[in-house]
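Work the whole structure out from these sequences, hints included.
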Amino acid sequence: MATFEELRSQSDRTNNVRKSLGALIFVAPLTADLILSLTSEDGAIAPLPDGYRSMGLFSRDAISFERETDTEATEAHGYMSPVREDITSISRTITATAYEVDRRLIREISDGVDLSAVEAVNGEISYEESEVPVNKRWRLLAISRDINKRTGLDILRANFYPQVELNSMPSEEWGDDALSAELTFTNYLDEDAGYARKRFLAGPGLDPVALGFGTAPVTP
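Just so you know, we're using the numbering used here here: the sequence shown kicks off at 358 and counts up by one.
Hints listed in this document are in silico derivations from the structure and should not be mistaken for laboratory results.
Just so we're clear, the structure is a prediction, and the values are computed from it rather than from any experiment.
Where hints are given, some of them may not hold.
[As the list claims (entries may be wrong)] Computed beta-carbon distance windows for the label pairs: (1) 429 / 486: 20 to 26 Å; (2) 551 / 479: 28 to 34 Å; (3) 525 / 558: 26 to 32 Å; (4) 470 / 369: 50 to 56 Å; (5) 476 / 551: 37 to 43 Å; (6) 545 / 374: 30 to 36 Å; (7) 548 / 483: 36 to 42 Å; (8) 470 / 566: 45 to 51 Å; (9) 474 / 387: 15 to 21 Å; (10) 531 / 440: 52 to 58 Å; (11) 552 / 525: 20 to 26 Å; (12) 404 / 550: 38 to 44 Å; (13) 393 / 483: 35 to 41 Å.
Backbone N, C-alpha and C fix where the C-beta goes; we use that ideal spot for every residue, glycine too.
Shown next as structure tokens:
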């Protein structure tokens, strides 16, 4: 018979505890290629397909990935609690507060305009907003970096969404604090891709065996 400490030493893996030491978000039009693999053979991040642009700096409040569900319970005569419960809908959102508010990509997303033809004239940039913004859908890739405390090598986690859409236009406040834009995207099923979200765990510091998967870590 095993003791508690023996069971804990067999089951717990402190090196599996993760943090996000930095994160990046890239956005692309729906015409861009899907992200099929995050890393190359050596474990480094593979070049992104054409069309993916960085959203720049974000606040330290974290990038959040929310998932809300609705359920439907089945109740039976003579039972005080439901005999089964089923998920009827799932809503996924991605929220981040961008600091580089005048970056062209941020302005295109938050104002619902296409600024690809806008150029600076005498150092000045100007554009008009229509009465009805063009709130189009995008591809979105979020990448987070951690390190393996034992090896010092990078561990990467990423969420790829083949279709997202901004669900509200961010407000703007001019004051003592740095300008920012809170962007919340709703995730949708991409019928061509066949999924709504794809998760990646990768990097030369990742140990798949310690996570319960059956292959060895990448050798840098």
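- Per the hint of 30 to 36 Å, is the separation of the Cβ atoms of residue 545 and residue 374 within bounds? Holds: the Cβ-Cβ distance is about 32 Å, inside 30 to 36 Å.
- Message: Taking the Cβ atom of residue 470 and the Cβ atom of residue 369, is their distance within the range 50 to 56 Å?
- Response: 51 Å, holds
- Measuring from beta carbon to beta carbon, are residue 531 and residue 440 in 52 to 58 Å? 57 Å, holds
- Query: Is it true that the C-beta distance of residue 429 to residue 486 lies inside 20 to 26 Å, as the hint says?
  - Reply: 42 Å, violated
- Item | Distance restraint hint 36 to 42 Å, applied to the beta-carbon atoms of residue 548 and residue 483 | 39 Å, holds
- Query: Do residue 551 and residue 479 keep their Cβ atoms within the hinted range of 28 to 34 Å?
  - Reply: 49 Å, violated
- Message: Within 26 to 32 Å: is that where the Cβ-Cβ distance between residue 525 and residue 558 falls?
- Response: 31 Å, holds
- Is it true that the C-beta distance of residue 404 to residue 550 lies inside 38 to 44 Å, as the hint says? Given a distance of about 20 Å, which is not inside 38 to 44 Å, the answer is violated.
- Range hint compliance [Cβ, residue 393 to residue 483, 35 to 41 Å]: Since the Cβ atoms of residue 393 and residue 483 sit about 40 Å apart, the hinted range of 35 to 41 Å holds.
- Message: Taking the Cβ atom of residue 552 and the Cβ atom of residue 525, is their distance within the range 20 to 26 Å?
- Response: About 25 Å separates the Cβ atoms of residue 552 and residue 525, which means 20 to 26 Å holds.
- Do the beta carbons of residue 470 and residue 566 sit within 45 to 51 Å of each other? About 49 Å separates the Cβ atoms of residue 470 and residue 566, which means 45 to 51 Å holds.
- Item | Assessment of proposed distance window 15 to 21 Å (beta carbons of residue 474, residue 387) | Taking Cβ atoms as reference, residue 474 and residue 387 lie about 20 Å apart, which means the hint holds.
When each numbered hint is compared with the structure, violations occur for hints 1, 2 and 12.
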